[in-house]
Structures are given as structure tokens and as C-alpha cells.
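A.B. asks: Given chain A's structure and the hints, the job is docking chain B onto it.
2 protein chains.
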Amino acid sequence: MLKGERTRQRIIAKAAPLFNRRGFDGCSMQDISAATGLEKGSLYSHFATKEELAAAAFDYAWAQTCSARVGNLDQAANSVDKLKLHIANFVSKPSFPGGCPMLNTVLDADDGNALLRRRAEGAMRDWVGYLADIARAGQAKSEIRPSVNPEELAILMISLLEGAFVSSKLQRSQSALLLAQQHLETYLESQVRMRGAEPRG
Amino acid sequence: MLKGERTRQRIIAKAAPLFNRRGFDGCSMQDISAATGLEKGSLYSHFATKEELAAAAFDYAWAQTCSARVGNLDQAANSVDKLKLHIANFVSKPSFPGGCPMLNTVLDADDGNALLRRRAEGAMRDWVGYLADIARAGQAKSEIRPSVNPEELAILMISLLEGAFVSSKLQRSQSALLLAQQHLETYLESQVRMRGAEPRG
Numbered sequence: 079m080l081k082g083e084r085t086r087q088r089i090i091a092k093a094a095p096l097f098n099r100r101g102f103d104g105c106s107m108q109d110i111s112a113a114t115g116l117e118k119g120s121l122y123s124h125f126a127t128k129e130e131l132a133a134a135a136f137d138y139a140w141a142q143t144c145s146a147r148v149g150n151l152d153q154a155a156n157s158v159d160k161l162k163l164h165i166a167n168f169v170s171k172p173s174f175p176g177g178c179p180m181l182n183t184v185l186d187a188d189d190g191n192a193l194l195r196r197r198a199e200g201a202m203r204d205w206v207g208y209l210a211d212i213a214r215a216g217q218a219k220s221e222i223r224p225s226v227n228p229e230e231l232a233i234l235m236i237s238l239l240e241g242a243f244v245s246s247k248l249q250r251s252q253s254a255l256l257l258a259q260q261h262l263e264t265y266l267e268s269q270v271r272m273r274g275a276e277p278r279g
Numbered sequence: 079m080l081k082g083e084r085t086r087q088r089i090i091a092k093a094a095p096l097f098n099r100r101g102f103d104g105c106s107m108q109d110i111s112a113a114t115g116l117e118k119g120s121l122y123s124h125f126a127t128k129e130e131l132a133a134a135a136f137d138y139a140w141a142q143t144c145s146a147r148v149g150n151l152d153q154a155a156n157s158v159d160k161l162k163l164h165i166a167n168f169v170s171k172p173s174f175p176g177g178c179p180m181l182n183t184v185l186d187a188d189d190g191n192a193l194l195r196r197r198a199e200g201a202m203r204d205w206v207g208y209l210a211d212i213a214r215a216g217q218a219k220s221e222i223r224p225s226v227n228p229e230e231l232a233i234l235m236i237s238l239l240e241g242a243f244v245s246s247k248l249q250r251s252q253s254a255l256l257l258a259q260q261h262l263e264t265y266l267e268s269q270v271r272m273r274g275a276e277p278r279g
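Chains A and B supply the protein sequences, listed in that same order. Numbering of the first sequence is given in this note's numbering, commencing with residue 79 and proceeding in unit increments. Numbering of the second sequence is given in this note's numbering, commencing with residue 79 and proceeding in unit increments.
Simulated from the structure, these hints should not be mistaken for lab results. Among these hints, one or two may not hold up.
You can't tell identical chains apart in this list, so a pair holds if it fits in one copy or across any two.
Each computed DSBU-like pair below joins lysine-lysine, with the alpha-carbon atoms no more than 35 Å apart [as the list claims (entries may be wrong)]: (1) Lys171 to Lys247; (2) Lys162 to Lys128; (3) Lys81 to Lys247; (4) Lys162 to Lys81; (5) Lys219 to Lys118; (6) Lys81 to Lys128; (7) Lys247 to Lys219; (8) Lys128 to Lys118; (9) Lys219 to Lys92; (10) Lys162 to Lys247; (11) Lys118 to Lys162; (12) Lys171 to Lys219; (13) Lys219 to Lys81; (14) Lys128 to Lys219; (15) Lys92 to Lys128; (16) Lys128 to Lys247; (17) Lys92 to Lys247.
So here's chain A without its partners, still in its complex pose (with noise of 0.2 Å):
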């Protein structure tokens, strides 16, 4: 990696943190300068603007909170069983630090910044179709029932997983998380796996 990159790739990993905590408006050029030990004329020789470094942060911090949440989903063979697995990763693993940048990002300042709100949006569209694939592949090989409308099943649980992670804030506790994955895990093993003695799709 060229010396260029290497400070690029430097100043998004510092950055991050600081926009996912503080939000567009919250974070200035300056913080940034201060975290990097960077002067803002250097900063500016990488990002043309805030705005720019912003959504290289926001990409950055997005694929850290995804590695985290499905890297290992490989390990369960079984669609249902990468479901639940999903679930504990959201449950247990920390999040990025300020936490999830999606959830920060869409309810960063109403007159926030569109192009953040359009990668938080596309960082939506992904999550539903990343888990309605596991769903459709599922169906394919009659571990999932054919009535599960798959990006439907994927809106449920990450509205209920987002919303447990606020919850749990709230109430400075882990329970909501909690109660939100045995919601999840009851309502897959009764509602969506295919049973032996269910027609096959």
C-alpha cells in the first residue's frame, strides 16, 4: 500500500469512531486534526470535504460492524441456523464503538447530510437482502417453509434487533437484546423451518 493510502486509511480509522459517536454536525475537521496529529490542510489533501471523509467513515465503520455480524456465519450450515447465528452475533458481540452506524446515521440531525442518509439507506437495502438471500437459499433446499416471504423475515428481525439495541440503552442492560434474540429464535423454530411433516416447497 502506498504511503498516500497508508494515511488515508489512517485518518478513516480515527475518524469513525468520532463521526459514529458525534454525528456530521457534532464532529469537526478539528477533532479529526487532533485525533490523527494531522494538520487539516493535510487532512484536506486526502478528503475534499467533511463530507467526503464522512462517508468513507461511515463505509468503514459499516464493514467492521458487518464483519462482526456475519463473518462467521459460515460455521452453521443450515439457513435457520445462520438466522439465529446473525442474532447472537447482533446480541453479543460489541457493536462499533458509538454504536451500530447505520441506526446513528438515520437519526443524526433531521437536516443532516444527504449523503450520509443515502449510505445509511443503501447500508439498509443490503442488510435486507443479505439476510432474504440466506431465507431464498433456505427455501431452495426446504430448510426454510415456502410461505416466508424472505425480505419481510428480514425487516422483522433487524426493526426488532435495532430497536432491542435502543432498548437496552435505555434501560442500561442487556435484557431487551436478550429477550429480542429468544423472541427471534422461538418465532424461527415455529414459523419459518421446514418441519418433516410439512409439504416441501
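C.D. replies: Here is chain B on its own, set in the frame of chain A:
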């Protein structure tokens, strides 16, 4: 109402949507001065600090939010129907400008305001307690199964509704909210409502 108190209420009503949209750091006393047409000195004659005004603004926004979500629950006699009406209110009534004040406040910058964070935590406690009380009353009237844990039911409902609100923002569509409503209604009917055939608690 004395003139001073009327002015105070007018400041709170103008400040509440600004703080809810932009967060504590994103909204200055100057912004509130512009919105109210009052000099900053006049604002400070009503509120010793910006923090004090923001806390009053949160209480106002939360009271309005609760009123929209629970104001009509007496229309339903049965406790399960009350919970379903609450869900319908959340899904279909417009939220306070800028979205749920509790959600926005807990996800406002990490190094955000401790007083406001305690307000949001208190709002969560009240909301959980309110729904759990409905469930407990339903158990006393044999409308809700004795096996249901009232607090856990409340936390599950709140988590899924708040998470679906976030998903619907990310997808720019109501569908995640409608999906959450459908899921919770099915859950309430199949796992929570007491049926004639069951033993009474």
C-alpha cells in the same frame, strides 16, 4: 396563566421540535431566539441554562408523544385490544416533529447531555410501566394469560415498534411499521390473549 408563564410555555413549544430534530448540540439558544422572536437575554430570564430549557422541551415533546399514543386507549374495554390500539396509534398517528423524542435523545451524541439522557431513561421506564400495568390488569380480569411476563411483553412491543420506526425511515416506506403491527397483533392473539379453553390464572 400569568404572562411570564405563557411566555415560558411558548418558548418550550417552539424549542421542542428544534431540539428533537437537531439534538442538544445541534440547536443553539440563538436558534431558539430566532424561532421565538425573543432576545437571548429574555430566554435566559426564563431558563437558567440551555440544559434546563432542553429538559423542559423534552418533557413537552414526550407528553405530546404519549398523548398521541395512549390518549384513546379507554375506547377499548379489553386489555389485549388496548395494547392493539396502542400499536395502531404508534404506527398510524404522526409522530412529534423529528420523530420519537425518547429515541432521538438516547441516540443523540454519546458525549451528550446527562440530564437529557436521564429524561429519556425515565420515559422508557414510564412507557414499560404503562404497558405492563395494562397487561397486569388484563391478567387480573383473565383476559391475558398468567404465563405472560408483563414487563417482557412491554419491552418486546416497544423494541419492535421503535426499531420498525427506524427501518421505515431507512426504507422511506411505512411497510416495516405495518409488518411490526401485523407481527405483534398475531403474537398478542396467539400467545397473549386468554382463550376460553385455557385454565384461568
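A.B. asks: Confirm or reject each hint.
C.D. replies: Here's how the hints hold up against the structure:
1. Taking identical chains as interchangeable, the C-alpha atoms of Lys171 and Lys247 lie at most 35 Å apart whether they share a chain (15 Å) or sit on different chains (25 Å).
2. Taking the shortest alpha-carbon separations for Lys162 and Lys128, neither the intra-copy value of 38 Å nor the inter-copy value of 45 Å comes in at or below 35 Å.
3. In this homomeric assembly, Lys81 and Lys247 never come within 35 Å of each other (Cα to Cα): the closest approach is 40 Å inside a single copy and 40 Å across copies.
4. In this assembly of identical chains, the alpha carbons of Lys162 and Lys81 never lie at most 35 Å apart, being 42 Å within a copy and 59 Å across copies at closest.
5. Taking CA atoms no more than 35 Å apart as the test, Lys219 paired with Lys118 passes in neither setting, with 54 Å inside one copy and 67 Å between copies.
6. Only within a single protomer do Lys81 and Lys128 lie at most 35 Å apart by alpha-carbon distance; the minimum there is 21 Å, versus 46 Å between protomers.
7. Only between protomers do Lys247 and Lys219 lie at most 35 Å apart by alpha-carbon distance; the minimum there is 33 Å, versus 38 Å within a single protomer.
8. Proximity of Lys128 and Lys118 under a CA criterion of 35 Å is satisfied in both settings, with 11 Å inside one chain copy and 31 Å between copies.
9. With identical chains, the CA atoms of Lys219 and Lys92 are never at most 35 Å apart, being 43 Å at best within one copy and 57 Å at best between copies.
10. Taking the shortest Cα distances, Lys162 and Lys247 sit within 35 Å of each other both inside one copy (22 Å) and across copies (25 Å).
11. In this assembly of identical chains, Lys118 and Lys162 lie within 35 Å of each other by CA distance neither inside one copy nor across copies; the values are 45 Å within and 54 Å between.
12. With identical chains, the CA atoms of Lys171 and Lys219 are at most 35 Å apart within one copy only, with a shortest distance of 29 Å there and 42 Å across copies.
13. Proximity of Lys219 to Lys81 under the C-alpha cut-off of 35 Å is found in neither arrangement, the shortest distances being 48 Å within a copy and 72 Å between copies.
14. In this homomeric assembly, Lys128 and Lys219 never come within 35 Å of each other (Cα to Cα): the closest approach is 47 Å inside a single copy and 59 Å across copies.
15. Taking CA atoms no more than 35 Å apart as the test, Lys92 paired with Lys128 passes in both settings, with 14 Å inside one copy and 31 Å between copies.
16. Taking identical chains as interchangeable, the C-alpha atoms of Lys128 and Lys247 lie at most 35 Å apart whether they share a chain (29 Å) or sit on different chains (24 Å).
17. Taking the closest pair of Cα atoms, Lys92 and Lys247 come within 35 Å of each other both inside a single copy (24 Å) and across two copies (28 Å).
The earlier numbered hints that this structure contradicts are 2, 3, 4, 5, 9, 11, 13, 14.
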